[in-house]
Amino acid sequence: MFLNIMFLLAAGATIGGSFLTATSKNLMHACIYLLLTLFGVSGLYATLGADFLAATQLVVYAGGVVILMLFAIMLTGGVREFVNKFGIDKVASMGTVKTYSIAGFMVVIMSFVIMKILAPIFKSYAPGELPGFSTTVEKIGTLLITDHVLAFEISSILLLGALVGAAVISRPGRTR
Amino acid sequence: MISLPSYLIISFCLFIAGLTVMIARKNIIAMLLGIELILNAAALNFAAYTRFINQNLDGHLMSLFIIVIAAAEAAVGLAIVIRFFQIKESIHIDDATELQS
Numbered sequence: 010m011f012l013n014i015m016f017l018l019a020a021g022a023t024i025g026g027s028f029l030t031a032t033s034k035n036l037m038h039a040c041i042y043l044l045l046t047l048f049g050v051s052g053l054y055a056t057l058g059a060d061f062l063a064a065t066q067l068v069v070y071a072g073g074v075v076i077l078m079l080f081a082i083m084l085t086g087g088v089r090e091f092v093n094k095f096g097i098d099k100v101a102s103m104g105t106v107k108t109y110s111i112a113g114f115m116v117v118i119m120s121f122v123i124m125k126i127l128a129p130i131f132k133s134y135a136p137g138e139l140p141g142f143s144t145t146v147e148k149i150g151t152l153l154i155t156d157h158v159l160a161f162e163i164s165s166i167l168l169l170g171a172l173v174g175a176a177v178i179s180r181p182g183r184t185r
Numbered sequence: 006m007i008s009l010p011s012y013l014i015i016s017f018c019l020f021i022a023g024l025t026v027m028i029a030r031k032n033i034i035a036m037l038l039g040i041e042l043i044l045n046a047a048a049l050n051f052a053a054y055t056r057f058i059n060q061n062l063d064g065h066l067m068s069l070f071i072i073v074i075a076a077a078e079a080a081v082g083l084a085i086v087i088r089f090f091q092i093k094e095s096i097h098i099d100d101a102t103e104l105q106s
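Residue numbers (this note's numbering), protein chains in the order written: chain L, 10 to 185; chain F, 6 to 106.
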């Protein structure tokens, strides 16, 4: 029952966020709707029992990629007609019903993910025996350095190349 | 309710939204948003098939690698976009008509 409600919330956030990303005119709004979509996908991972994947989704996407996108939008001035709204004489309101409902969605999904991760800690167990771990972290870590070790190393080299490449490409004064 | 077809339908909607963004938008950053949506759809498919068809955790590993690749792609893509904006003063996709400026 609880899982069904969580599935419905996460699916609604995912589908609604993706279609609002596709249809919203303002690029900044599209990026925030993308954030809602990624929270919804994280909730779907949690309903699938993939707790490590849900946490990684939150950390990498919501913490890294969306912030990077927002930085790029602000640096390139993609919402130049929108910036005028935040003038000195015109203070933006604290939020509308839409923003508060989006924030409520995100709070519910994120609390569900955190609860799913912390569930083995709060589980009551018989005294004298250790609680059994039901997380997927241990199995993923074992698989990552046994079966998939080649892909793991290649992805590390890929990340190093992306880091160096991004620094080289966006260097301001390139001498030719 | 929680079954494989529902997850596949959600993933399909994500993919269609991402493809729509990539085709219809003329802004390069918006196209990168569409790429993120498409990659998320693929990762969700991997996780769903792991849960309902195959019980080992190889699909989770594939989703993890997809997340890594999406992060690297976003970093390099946004670096290219910022460099393009410094040269062309625009991020419209139709302004990208030459390789070397």
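Hints are computed from structural coordinates only; laboratory data are not their basis.
Be a bit skeptical, because a hint or two may be false.
[Unchecked claim] 27 Å max Cα-Cα, derived DSSO-like pairs, lysine-lysine:
1. L:Lys148 x L:Lys34
2. L:Lys148 x F:Lys93
3. L:Lys148 x L:Lys125
4. F:Lys93 x L:Lys34
[To be verified] From chain F, some residues computed to sit far from chain L (all C-beta separations above 10 Å):
5. Thr25
6. Ile58
7. Gln91
8. Glu103
9. Leu104
Just so you know, even glycine gets a beta-carbon here, dropped at the ideal spot from N, CA and C.
Is the nearest Cβ of chain L still more than 10 Å from the Cβ of Leu104 of chain F?
holds (14 Å)
Need the status of pair Lys93 of chain F, Lys34 of chain L: alpha-carbon distance at most 27 Å?
holds (23 Å)
Between Lys148 of chain L and Lys34 of chain L, is the straight-line Cα distance small enough, at 27 Å or below?
violated (44 Å)
Hinted pair Lys148 of chain L and Lys125 of chain L, Cα distance within 27 Å
Answer holds: Lys148 of chain L to Lys125 of chain L is near 17 Å, not above 27 Å.
A cut-off of 10 Å on Cβ-Cβ distance, and Glu103 of chain F was said to be off the interface with chain L. Does that hold?
holds (16 Å)
Least C-beta distance from Ile58 of chain F to chain L larger than 10 Å:
holds (12 Å)
Under the criterion that the straight-line Cα-Cα distance not exceed 27 Å, is the pair Lys148 of chain L, Lys93 of chain F satisfied?
Violated, at roughly 49 Å.
Does the claim that Gln91 of chain F lies outside the interface with chain L hold up, using a Cβ gap greater than 10 Å?
violated (7 Å)
Taking the closest pair, is the beta carbon of Thr25 of chain F still more than 10 Å from chain L?
The claim breaks: Thr25 of chain F does not keep its Cβ more than 10 Å from every Cβ of chain L (closest is about 5 Å).
Figure legend: structure checked against the earlier numbered hints; hints not met, in rising order: 1, 2, 5, 7.
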